[in-house]
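Dock chains B, C and D against chain A, hints included.
Spelled out from the first residue to the last, the chains are:
Number of protein chains: 4
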Amino acid sequence: MNSFGQIYRLTTFGESHGPALGGVIDGMPAGVKIDMESLTRAMQRRRPGQSDIVTARNESDSVQLLSGIFEGITTGTPIGFIIPNADNRSADYEAMRHTFRPSHADFTYQMKYGMRDHRGGGRSSARETASRIVGGELAAQALRQFGISINAYTSQVGDIALDAPYTCLDFNAIDSNPVRCPDPLKAQEMERLIRAVKAKGDTIGGVVTCIVRGCPAGLGEPVFDKLQARLAQAMLSINAAKGFDYGTGFASAAMRGSEAIDTFTQASDGTIHTLTNNSGGIQGGISNGEDIYFRVVFKPVATLLREIDTVTDKGETTKLHARGRHDPCVVPRAVPIVEAMAAMVILDSLLLQRTTRL
Amino acid sequence: MNSFGQIYRLTTFGESHGPALGGVIDGMPAGVKIDMESLTRAMQRRRPGQSDIVTARNESDSVQLLSGIFEGITTGTPIGFIIPNADNRSADYEAMRHTFRPSHADFTYQMKYGMRDHRGGGRSSARETASRIVGGELAAQALRQFGISINAYTSQVGDIALDAPYTCLDFNAIDSNPVRCPDPLKAQEMERLIRAVKAKGDTIGGVVTCIVRGCPAGLGEPVFDKLQARLAQAMLSINAAKGFDYGTGFASAAMRGSEAIDTFTQASDGTIHTLTNNSGGIQGGISNGEDIYFRVVFKPVATLLREIDTVTDKGETTKLHARGRHDPCVVPRAVPIVEAMAAMVILDSLLLQRTTRL
Amino acid sequence: MNSFGQIYRLTTFGESHGPALGGVIDGMPAGVKIDMESLTRAMQRRRPGQSDIVTARNESDSVQLLSGIFEGITTGTPIGFIIPNADNRSADYEAMRHTFRPSHADFTYQMKYGMRDHRGGGRSSARETASRIVGGELAAQALRQFGISINAYTSQVGDIALDAPYTCLDFNAIDSNPVRCPDPLKAQEMERLIRAVKAKGDTIGGVVTCIVRGCPAGLGEPVFDKLQARLAQAMLSINAAKGFDYGTGFASAAMRGSEAIDTFTQASDGTIHTLTNNSGGIQGGISNGEDIYFRVVFKPVATLLREIDTVTDKGETTKLHARGRHDPCVVPRAVPIVEAMAAMVILDSLLLQRTTRL
Amino acid sequence: MNSFGQIYRLTTFGESHGPALGGVIDGMPAGVKIDMESLTRAMQRRRPGQSDIVTARNESDSVQLLSGIFEGITTGTPIGFIIPNADNRSADYEAMRHTFRPSHADFTYQMKYGMRDHRGGGRSSARETASRIVGGELAAQALRQFGISINAYTSQVGDIALDAPYTCLDFNAIDSNPVRCPDPLKAQEMERLIRAVKAKGDTIGGVVTCIVRGCPAGLGEPVFDKLQARLAQAMLSINAAKGFDYGTGFASAAMRGSEAIDTFTQASDGTIHTLTNNSGGIQGGISNGEDIYFRVVFKPVATLLREIDTVTDKGETTKLHARGRHDPCVVPRAVPIVEAMAAMVILDSLLLQRTTRL
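Protein chains in written order, with this note's numbering: chain A, 1 to 358; chain B, 1 to 358; chain C, 1 to 358; chain D, 1 to 358.
If you're looking for bench data, these hints aren't it; they were derived computationally from the structure.
Heads up, the beta-carbon is just placed ideally off N, CA and C, and yes, glycines get one too.
Misleading hints may appear alongside valid ones.
Chain B is faced by these chain A residues, among others (derived, beta-carbon under 10 Å) [to be verified]:
no., residue
1, G5
2, M36
3, S38
4, Y109
5, A234
6, Y246
7, G247
8, I272
9, G289
With the rest of the complex left out, here is chain A (with noise of 0.2 Å):
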């Protein structure tokens, strides 16, 4: 329910105005070096504040790691994290409590839990991914030890797309700018059109690409546990994620099967791989070796700097008027978040595979 994973598994708990959020990352194998300097750079790319383009929440996000860990080092044991919430206006969202914001949690809370911590959105607030980078980050830097990297990066914002295979681009680049883009012309666009819909106290939307790389082929369950099926579960649990697709993905409906088949060919070094990669880095739902590569979308966000209409609890008819601080759109800070979930999905699914031979 609030665990993810069947080996690595991160469990999360916390709401945004509680004394603190946190979680539990159990499965960590023993013997992993932990740096935490790049667990801090992985916070702040998360964070918000980072630029004025995303919500100027001042969060501390400083996490602290309570278990799990000796002289540096993962024992095996599960790793326990808190991260404080330090910056709580609770009396902000004093009006909110008896108010059913359009298109947030509220109301679906309400009706579920028959109750609700109506403050910053309680455990429905995005603060909570912050938790997730603590699991993503702790299995990225294990993955590496594999020679498996991930990245993401902002491939869309409203209709501003960058069409360009990622083999083309420079993931160097993609920290260089706040939107997330590594194509800079088309970052600085990206930028201009969230700053006019800021100005209009309104929102958009946008897509996150992902690109796994250095992935072993044999990763993946054949049936229910398909890599892409764990993949789009993990999407689709971040907020304002709206859907998922991999390799061809959506296009897929018009191609024809030969010019989506992806012909096989051997390397020099007698390895198998494929000349296209149509497959996206998964055949059968298993991975192939060739690189994994993904998209998310996601929706422009519900809290608009301008007055709406609502009701109440009881039903009545309201006005909303949110003054606090927003993203005008979620996509550079959803970027650390989906590869955080992804490097969840791939150790859990490297550590399960081997079970899988004698």
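Showing chains B, C and D alone in chain A's frame:
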């Protein structure tokens, strides 16, 4: 690994060329009256050989329910079932013992397990989905008792798309044509396209749209098991599926928040609803009581009825000329599988929801 | 619910009076050569009607493996199996439709599910354990490849106890008598006692002792899934089991620490062992490489071949006179079930252990 | 691995010598009023240093609940908590860095993970059970709403056993003495024995008996997750536990069926009960509405306050003289842990039972 669901849980087994495939349905509540005719119809809908636009393989697909039902009513104990494999021409596949078909699971199974059952794709055969129909149809029978219904249809084949919103369609017309498209004119166009593609020994992709009606508010879990995340896993676990989106889906990227939010309103009976349903019936990962709708895209299947280049398991280049019985377009037969997977997700969520409040 | 194990996972279904029972073994590694004769022998050992001290029911107990094995070798995909129910005299049980047999599951099933299949105890029948033999025997076949063997035997019937330590016993003698006690003299005493009890229409309890040899150090999880905890669950899940202990077990209550600790020593090959084995091969929840040994106590079964008082499902008092075929002592037939459950726990732990280190 | 339970699910983390231990409680239903004083009392009961017959270690054991509770009521979202480690004398343990204490987890952790945190036993420390008290006490608070109560007490220390049936005891007297034995005279005898053993630097074992009252019929799953199987796993997962039995338990071996069966009777209110309760409140794996009772045996702890022989991690013989603060008998402090584990099993079963019928 070969199980799906937390409370209502289907575990499947079986290859296309063993004596039988089958499974176990665990967590079916006691007291559901089983309609065997409805189950037989459901199996027929997935079955090959229904028309000349799908594979002519003559699979029996007769299900034997072996337990968990007493005098026509479920007892709460697990329902085991088998589906015997009747029409097995193993010899058809002997040539493939050492050959990897492109964009199939042959190579990846070999890399995962160090071996494989090469006959008919073994476990990766789409025949595996017959077991899902059993799990899904029995789930659907339970859901009907709660007034929940699930309908899927073909909404795109190649570049022929049915753009009309689902609310304008007559779901009774879905099965009136072999394409399973509720719009008769579009259905004819799609059918013509499939025949043309088939004539060239080629295949083509498409999209299935699915609608869940009558689902109460409150289903789904807030974080990793958001209702859309469970649905996404379910759909991406279907053979040949390449993507999933719900509500406004991928179109969300280009939307403004001001056009995407669903404004609340109070119905005459006092219940709260939304004026629009861009959210696709799910907000914050939890159903809101509106219709749930989503899309699943399927690639053109990789088995072409023409000569193609590929490699052996030693990496040597070879030619392959499939002559078997294959679908030029899997989308019509994917329709009942999408419904089945959705039914299992919804019933599982419904049962889990009962544990949520004191 | 009807599944056992995390990686090597058995899911079972079936009542004593349906067409068949069976199950699915998931997580069996690829590459295990299956010995069908060994499986048949294992089924024979559990089977009723082996001698006149166990029930004369003539169950076929022939297993059909339906998947997951190709050319005699496991493929890594799930192994489905069924065991047809051959000898079903449902009419024997019609009288019990509205009667609750004392100390059976009739009343509790009715309270749990609001209904029940009253024939032969339905799902609560000991026949369900036939499926466990399949799961356990195949696990044992995999374990043999790692040099791990598991042997259980009857160590007590009524007040006749075999007090000799297991290290003094000849395990080859276990199956030389119907009681499955490796000490021939004790076996005779036990057999006489069972016959005497049977002559009175009564039943009697006993104890099974089990030893796992060749188990490497490192198996088991530190906290909730301690190896002894998993074994305890496994054993208490067997019908009629009332208790479990391992190592010095219940005798530990009266021991001093100074006599209970196992002093370490270094063997000539440099490996570390213990001089004694009060720990029963498990320390801190993890195997230490010494023999694992434990006991399971079984109650006298509740079906007496004499007239007894009981109530109907309306609470009215009534008489019951069982005349069917029942075991006067389940312990001899419990021996292979204890072995089967132990084998599944050990193989599961062995596979899970592979994920523990980087 | 570090989680327990299917619906009500506790995940724990933490070593005795890190900054904190803690955990996450998932699946707590919304609407439970949390009694913090009751939680503090529960923590006090497990805490070391309560009397001179238990370890004098001064652990703070103050729990911080970090989420999942709003205005004193559970919200249905996960409850994260930490218990800071206050009194860490890591230096006490430096000598043990390369030494394996006999009958501890030092050697087995090393074999499992290839490394270990040697300070205070790391994850294997009994301090880990503090987290279980949090999970168990909050479960108990929920159970009280259903009229279910759980009481455990010390029923044996060394060879001093309290043979009186639990129905003759005054549970209010349990905490009136440091041994937690409700019979004052037996308690004095036990206390004297513990002091005598302690004076010799030795330790002693014992037995805890636990009773669950008010449990409705119908809890538990028929096969692998029988209620007694779940309880057995729960109890054997407690440090130093060596065995478990329920109802007539190990004494069943010597019983006849005719004396063991529990004859049904109808109470004046029409409900069906049993005249005796040899079944210990569970039949066929499912609660029958009578009191559930069981025993857990604990070994004498392995830390002796005297010089003993052992080996280093290189296998060399060495001497060890523990001088820390250790329990001469863990049984009194095990009492609340047994209750906590039982509470979690019962609440989990109660919630799961809600999914059983249509």
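Now for the hints, and whether the structure bears them out:
Taking 10 Å as the C-beta cut-off, the interface hint given for G5/A holds, the closest approach to chain B being about 9 Å. Because the closest C-beta pair between M36/A and chain B is about 26 Å apart, greater than 10 Å, the hint is violated. For the restraint placing S38/A at the interface with chain B, the shortest Cβ-Cβ distance is roughly 24 Å, beyond the 10 Å limit, so the hint is violated. This hint holds: Y109/A has a C-beta 7 Å from the nearest C-beta of chain B, less than the 10 Å allowed.
Hint on A234/A holds. Least Cβ distance to chain B is approximately 8 Å, under the 10 Å limit. At about 6 Å, the closest approach between the beta carbon of Y246/A and any beta carbon in chain B falls short of 10 Å, and the interface hint on this residue holds. A hinted interface residue such as G247/A counts as satisfied when its beta carbon comes closer than 10 Å to some beta carbon of chain B; here the least separation is about 6 Å, so the hint holds. Hint on I272/A holds. Least Cβ distance to chain B is approximately 5 Å, under the 10 Å limit.
The interface hint given for G289/A holds, since its Cβ lies 7 Å from the closest Cβ of chain B, which is under the 10 Å cut-off.
Hints 2 and 3 from the earlier list are contradicted by this structure; the remaining hints agree with it.
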